[in-house]
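Asks: Based on the hints, put chain S in the right spot on chain W.
Protein chains in written order, with our numbering: chain W, -10 to 293; chain S, -10 to 293.
It is worth saying that the hints were derived from the structure and are not from the lab.
Treat the hints with care, as some may be off.
As the list claims (entries may be wrong) - To be clear about the criterion: a stretch of chain S counts as covered by chain W if any three or more of its residues have a C-beta under 8 Å from a C-beta of chain W, and this derived list gives those stretches:
1. 26 to 37
2. 223 to 234
3. 241 to 247
As the structure is a prediction and not an experimental result, all values here were calculated from the model.
Even for Gly, the Cβ is constructed at its ideal location relative to N, Cα and C.
2 protein chains.
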Amino acid sequence: MLSYEAVVGAAARLAKTPVRKTPLVEIWEGVYCKLENTQVTGSFKARGAANKVLQTKGSVVCHSAGNHGAAVAWAAKLRGVECTVVVPRTAPEAKKALIRKFGAAIVETDHARRAQAVREIVDRTGASMVHPFDDLDVIAGQGTLALELPDDLDAVVVPVSGGGLAAGIATVLGGDKVFLVEPEGKGLGKALAAGNRLLDPSMEPLAETIADGMRSRALGERPWGILSAKIPPSRVLSVSNEAILEAMALTFQDLKTVCEPSGATALAALLEHRDTIGARRRIGLVVCGGNLDVPPMLRRFYRL
Amino acid sequence: MLSYEAVVGAAARLAKTPVRKTPLVEIWEGVYCKLENTQVTGSFKARGAANKVLQTKGSVVCHSAGNHGAAVAWAAKLRGVECTVVVPRTAPEAKKALIRKFGAAIVETDHARRAQAVREIVDRTGASMVHPFDDLDVIAGQGTLALELPDDLDAVVVPVSGGGLAAGIATVLGGDKVFLVEPEGKGLGKALAAGNRLLDPSMEPLAETIADGMRSRALGERPWGILSAKIPPSRVLSVSNEAILEAMALTFQDLKTVCEPSGATALAALLEHRDTIGARRRIGLVVCGGNLDVPPMLRRFYRL
Chain W
-10 MLSYEAVVGA AARLAKTPVR KTPLVEIWEG VYCKLENTQV TGSFKARGAA
40 NKVLQTKGSV VCHSAGNHGA AVAWAAKLRG VECTVVVPRT APEAKKALIR
90 KFGAAIVETD HARRAQAVRE IVDRTGASMV HPFDDLDVIA GQGTLALELP
140 DDLDAVVVPV SGGGLAAGIA TVLGGDKVFL VEPEGKGLGK ALAAGNRLLD
190 PSMEPLAETI ADGMRSRALG ERPWGILSAK IPPSRVLSVS NEAILEAMAL
240 TFQDLKTVCE PSGATALAAL LEHRDTIGAR RRIGLVVCGG NLDVPPMLRR
290 FYRL
Chain S
-10 MLSYEAVVGA AARLAKTPVR KTPLVEIWEG VYCKLENTQV TGSFKARGAA
40 NKVLQTKGSV VCHSAGNHGA AVAWAAKLRG VECTVVVPRT APEAKKALIR
90 KFGAAIVETD HARRAQAVRE IVDRTGASMV HPFDDLDVIA GQGTLALELP
140 DDLDAVVVPV SGGGLAAGIA TVLGGDKVFL VEPEGKGLGK ALAAGNRLLD
190 PSMEPLAETI ADGMRSRALG ERPWGILSAK IPPSRVLSVS NEAILEAMAL
240 TFQDLKTVCE PSGATALAAL LEHRDTIGAR RRIGLVVCGG NLDVPPMLRR
290 FYRL
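For reference, chain W alone in the conformation it holds in the complex (with noise of 0.2 Å):
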């Protein structure tokens, strides 16, 4: 388990850094959009990244597909050290390139052999690894976010991938305020009901999603063993494509905003699930993130 203390002494690190505290905007009544598509490299993995490459020594090393990467790489180069990322081949290019941006180097692989790359540099260089979710310094700095928000909210809809974000947010709130997101197929609500984190044995990525960000079939198993504590199977709301791109369209045209599908996701929660956290009053609605490859999406839009 992780201690409050020990988010409120992530933050106190992340102060000293150029992390920003991210502004909370209304899209609808009573509905706020905690805006970490605007957090520096584009989202919330700014802040564990940073929380961990600042305790560690030496190089670092990550798999992920795209926005841990170019967080790490980031909080790499304010440290001054050297950084390999590991990512997909499918990963967006908009996030490659910005994990380039920042120095690092890029090792590209299939899904399947990631964590095998990871080790053969890790053998090879002595580097740190950082891993994406599964690690109680990253989960830390992640749950920086939940001390930003107001106190008064009735409910906190986040975005769950490999769960640190979510975990990170539940120990500073407990578990009544947070909704845990998932992409349709996910079945992290099975898998809680079940007690089972790895009720769906399959390792291979969740393919249909849009959410290139939220791509992981099962939590970690730190994450899984905060969130299994706090939050009942209940909780968790599924959303589809349909209601992501929705969600998507409503925060580019009512906030002026740019989110990456990942981003969209708790707007679709309270499009798709209205009923379930509708009926609480307050609602905070995590943007985690906002890299998108905008170039061939405007191209194909404009038939440049």
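Replies: Frame of chain W; chain S shown alone:
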């Protein structure tokens, strides 16, 4: 001509409405974006429309490619009067939806018939016409944007279609700091050099540019009167679709803010004409609007 005092008077009028003082954010060192995409109705047009409609009696009518129509519809709703907007059949769906959202009636026509369509409505209903740019109250309203800029900018880059926004800003700042941005093919530099507003006699809209809010070929008489007296032809910067698209992508990625193509033209001008304006140290770019057809853009990209 328009006086500085008229713009200050407009600002006093707008201060009693929901029209916003929009943020100015730094995109690169010394380069600032004035985010009129976050203005009410999603563009600077709310300023001029509100200033005009608050001074008229009874119902209003206008023609518009979109943003002016939405702004007049919004201002009419604020004042509690009826509104009709004549739009070209080619206007983006998002802009038409915004006009309807504010309760206005829409009349679709061909570009060539729009003035006549407005006249018929004025004759039939006695509504007041709110011109998108050729009206001193509208120009004064748009000029209020300049009152919100810091004094120490060395250059302010302003998109030009009919010229209302640029004329209002030049009224406040004088001509020395102001650069005008046009889509390629408009020929404003040549028109200013020749002292002939209608140098290019075609009144067909510019079809090639992706900046759908900037398709007017000629300035209005009143904006022309102001701008031709203050701005030399060398201060007109033409931007290509490629540069507009690149600037949109930078705005989306680096600021996480949603702009429409017209809204990215000032940054596009900085990309394409760095040598002309780049020597000035502190540069303000007017991001004039953010109303995009987001759902089809996302659908096409995510194949949904």
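Asks: Next step is simple, just say for each hint if it's right about the structure.
Replies: Checked hints:
1. Counting residues of the segment 26 to 37 of chain S whose beta carbon lies closer than 8 Å to any beta carbon of chain W gives 3, which meets the minimum of three for the stated coverage.
2. Chain W is given as covering the segment 223 to 234 of chain S, and this holds because 3 residues of the stretch bring a CB closer than 8 Å to a CB of that chain, at least three being needed.
3. Counting residues of the segment 241 to 247 of chain S whose CB lies closer than 8 Å to any CB of chain W gives 5, which reaches the minimum of 3, so the coverage claim holds.
Hint compliance for this structure: no hint is broken.
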